[in-house]
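Participant: In case you want the letters, here they are:
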Amino acid sequence: MGRQPSAEAVIETRGLSKTYRGGRPAVDGLDLSVPRGSVFGFLGPNGSGKTTTIRMLLGLIDATGGSARLLGEPMPRAAGRVLPRVGALIEGPALYGFLSGRGNLRRYDAADPTADPRTRDARVEAALERVGLSAAAGKKAKAYSLGMKQRLGIAAALLQPRELLVLDEPTNGLDPQGMREIRSLVRALAQDGTTVFLSSHLLDEIEQVCSHTAVMNRGRLVTQGTVAEMSAGARGRLSVTTPDGADAMRVLKGHGLSDLATAESPEGQTVTGELPGPGEPPGGPPPDLADLNAALVRAGVRVRAFGVTRASLEDVFVSLTGEGFDVAG
Amino acid sequence: MSRAELAGQDGRFAAGADGTNPGGAGAAAGGRPSARRVWPLFRSEVLMTFRRWRTLALLGVLAAVPVLVGIAVRIETGGADDGGGGGGGPAFISQITNNGLFLVFTSLAVTLPFFLPMTVGVVAGDSVAGEAGAGTLRYLLVAPAGRTRLLLVKFAGTMVFCLAATLVVAVFALGTGVLLFPVGEVTLLSGTTVPFSDGLLRALAIAVAVALSLTGLAALGLFVSTLTNSGIAAMATTVGLLLTVQIVDTVPQLHAVHPYLFTHYWLSFADLLRAPVYWEELLRNAGVQALYAAVFGSAAWARFTTRDITA
Ligand SMILES: Nc1ncnc2c1ncn2[C@@H]1O[C@H](COP(=O)(O)OP(=O)(O)OP(=O)(O)O)[C@@H](O)[C@H]1O
Ligand SMILES: [Mg+2]
Numbered sequence: 001m002g003r004q005p006s007a008e009a010v011i012e013t014r015g016l017s018k019t020y021r022g023g024r025p026a027v028d029g030l031d032l033s034v035p036r037g038s039v040f041g042f043l044g045p046n047g048s049g050k051t052t053t054i055r056m057l058l059g060l061i062d063a064t065g066g067s068a069r070l071l072g073e074p075m076p077r078a079a080g081r082v083l084p085r086v087g088a089l090i091e092g093p094a095l096y097g098f099l100s101g102r103g104n105l106r107r108y109d110a111a112d113p114t115a116d117p118r119t120r121d122a123r124v125e126a127a128l129e130r131v132g133l134s135a136a137a138g139k140k141a142k143a144y145s146l147g148m149k150q151r152l153g154i155a156a157a158l159l160q161p162r163e164l165l166v167l168d169e170p171t172n173g174l175d176p177q178g179m180r181e182i183r184s185l186v187r188a189l190a191q192d193g194t195t196v197f198l199s200s201h202l203l204d205e206i207e208q209v210c211s212h213t214a215v216m217n218r219g220r221l222v223t224q225g226t227v228a229e230m231s232a233g234a235r236g237r238l239s240v241t242t243p244d245g246a247d248a249m250r251v252l253k254g255h256g257l258s259d260l261a262t263a264e265s266p267e268g269q270t271v272t273g274e275l276p277g278p279g280e281p282p283g284g285p286p287p288d289l290a291d292l293n294a295a296l297v298r299a300g301v302r303v304r305a306f307g308v309t310r311a312s313l314e315d316v317f318v319s320l321t322g323e324g325f326d327v328a329g
Numbered sequence: 001m002s003r004a005e006l007a008g009q010d011g012r013f014a015a016g017a018d019g020t021n022p023g024g025a026g027a028a029a030g031g032r033p034s035a036r037r038v039w040p041l042f043r044s045e046v047l048m049t050f051r052r053w054r055t056l057a058l059l060g061v062l063a064a065v066p067v068l069v070g071i072a073v074r075i076e077t078g079g080a081d082d083g084g085g086g087g088g089g090p091a092f093i094s095q096i097t098n099n100g101l102f103l104v105f106t107s108l109a110v111t112l113p114f115f116l117p118m119t120v121g122v123v124a125g126d127s128v129a130g131e132a133g134a135g136t137l138r139y140l141l142v143a144p145a146g147r148t149r150l151l152l153v154k155f156a157g158t159m160v161f162c163l164a165a166t167l168v169v170a171v172f173a174l175g176t177g178v179l180l181f182p183v184g185e186v187t188l189l190s191g192t193t194v195p196f197s198d199g200l201l202r203a204l205a206i207a208v209a210v211a212l213s214l215t216g217l218a219a220l221g222l223f224v225s226t227l228t229n230s231g232i233a234a235m236a237t238t239v240g241l242l243l244t245v246q247i248v249d250t251v252p253q254l255h256a257v258h259p260y261l262f263t264h265y266w267l268s269f270a271d272l273l274r275a276p277v278y279w280e281e282l283l284r285n286a287g288v289q290a291l292y293a294a295v296f297g298s299a300a301w302a303r304f305t306t307r308d309i310t311a
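So the sequences go chain by chain: A and B. Per full-length UniProt numbering, residue 1 is the first one in the first sequence, and the count goes up by one each step. Per full-length UniProt numbering, residue 1 is the first one in the second sequence, and the count goes up by one each step.
Wrong hints could be hidden among the right ones.
Ranges between beta-carbon positions, derived for each pair [to be verified]: (1) 303/B - 118/A: 34 to 40 Å; (2) 116/A - 287/B: 51 to 57 Å; (3) 57/B - 161/A: 36 to 42 Å; (4) 204/B - 125/A: 39 to 45 Å; (5) 247/B - 114/A: 56 to 62 Å; (6) 247/B - 29/A: 37 to 43 Å; (7) 204/B - 134/A: 42 to 48 Å; (8) 145/A - 57/B: 51 to 57 Å.
Examples of chain B residues lying across from chain A (beta carbon under 7 Å, computed) [said to hold, decoys possible]: (9) 37; (10) 135; (11) 145; (12) 309.
Hint data in this document are derived by calculation from the structure and do not stem from the laboratory. Fair warning: this is a prediction, and the values are worked out from it, not measured in the lab. Glycine included, C-beta positions come from ideal geometry on N, C-alpha and C.
Full structure from sequences and hints, please.
Facilitator: The following block contains the structure:
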């Protein structure tokens, strides 16, 4: 088939929108671009439209606006050509309880018209092996635990070599070993050149495996970029432990730190504050940590501990999507 | 957003997105012949249907009917070959004591109004809705099974079940008939006598005719099945529609609609027991079944290929 040279973006959406009947937009004007070869973390609070986006990308539901391209081809029109090269886990696994784990994989493989029936058994065994289910493969799926079901769902996405894996909360219900295995599986797949698009609430997990990320909130894209950019964008917090809290506060304030706070600690007081970002104050260079420390000492502050904690992706996430616990209605 | 973009989205399945739509724009893009691509899924569908405990239970009930009828007739007549009792009861029942083969015809006549179609209603109603409810539908579609292909496979699978269910009744009836009653030359409804082998062939033809009689119901059930995510609701609705149609068919005041009811010519299979075969009602039955298959098959396709899969 005359396929164009692989486009840079494996997932590309333009103004993609979905409004379910009689509701506010679940996805609203989404412009997403997932580069080939990336491990892309798709983040957002509950109900922010991640699963809705994934369903549109895979042609399960119709967009009410905008367009989506998967592996360079328009979806859902090219579904028959594109989807055999895409493995997916959508909102958890779904299995035939009366079939064995192996039987489930055979069934899903039979549904793929491009899958070769002669290699089916071998591919099913390989997929089971890959998720550590070989020993339980003969058991009826209704007797599987949550994590076993999740593993089987991932195995179904791995029945063929894929160019793109779309994993909606892949580690849901997995034990710590399972999570680690999935993480290393994702890394291995990415090394083989598979692009992995995964949604998750576990931010440290995203931070560990993802190269790129995007954050959704209330159906809109809040930000997208590399994980490094996102963490770098977040300013670090300086923390100083000293018996002379008040003096430390004054000195730090003088050097442009904001959001200062003091807390009692066994060694005296711990003063924390947000470091100024690059270009703050306007014109001046960002303060050197060594200079800050020297300034404290010069002012007679007895410094017992001095350090910077980088903001985690979680802090960035919360700052982008808000502290509120309630799901947007 | 422009109209052209909208049209592009709407055209997704109409253009044979999965390459199974012969002649469609997508067929050229898909490239490969569709028969080879349908077969593995069809095979998996049939294997899965008959591996289910539920299917086996339904077939078990169907198998029990001819056995019970046979035993009842045997007890009733005390095994004495008295040429059959009075006229009452289901069709052909009085002939069973003369010829066990007639148990086949009696059993089909007994199961056809409700038992047999009810099992078909269960299988057809559950076909798509059950997968939707379990969530497996979304994985079949991203495999990608293709919506048109999946619907065809579901319909074909239901028809295989129709044939299997009918054959189960016929085979158990034949077995019981041979065990409990004498068999031999068959006296047809038209009075002619034909050899037992001819009778057997006619029994087989009747089983096939009965299975084909269920086509309309299968299409109706498939359509209902595309409307909901609940297998139970789809089964109940299909069986409910069957009962309603059967009742309407017995109300004389509604005779104007009777020829269009999918149940109306079901008992026409008896005409295969004449020499020469009396074709008129058999053909009408075939026509009605084809009509239902076309109407509800298209409706199911229109619904299923445009529907949001949110389960
Ligand atoms: N089938 C549906 N019908 C109507 N509204 C829906 C449907 N599915 C989702 N929604 C709405 O769309 C919005 C986005 O839901 P979606 O499932 O995409 O969120 P999500 O980001 O995947 O959330 P979570 O993290 O909880 O999985 C929500 O407001 C939800 O109520
Ligand atoms: Mg979700």
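Participant: In ascending order, which of the hints set out earlier in this document are inconsistent with the structure?
Facilitator: 2, 5, 6 and 8
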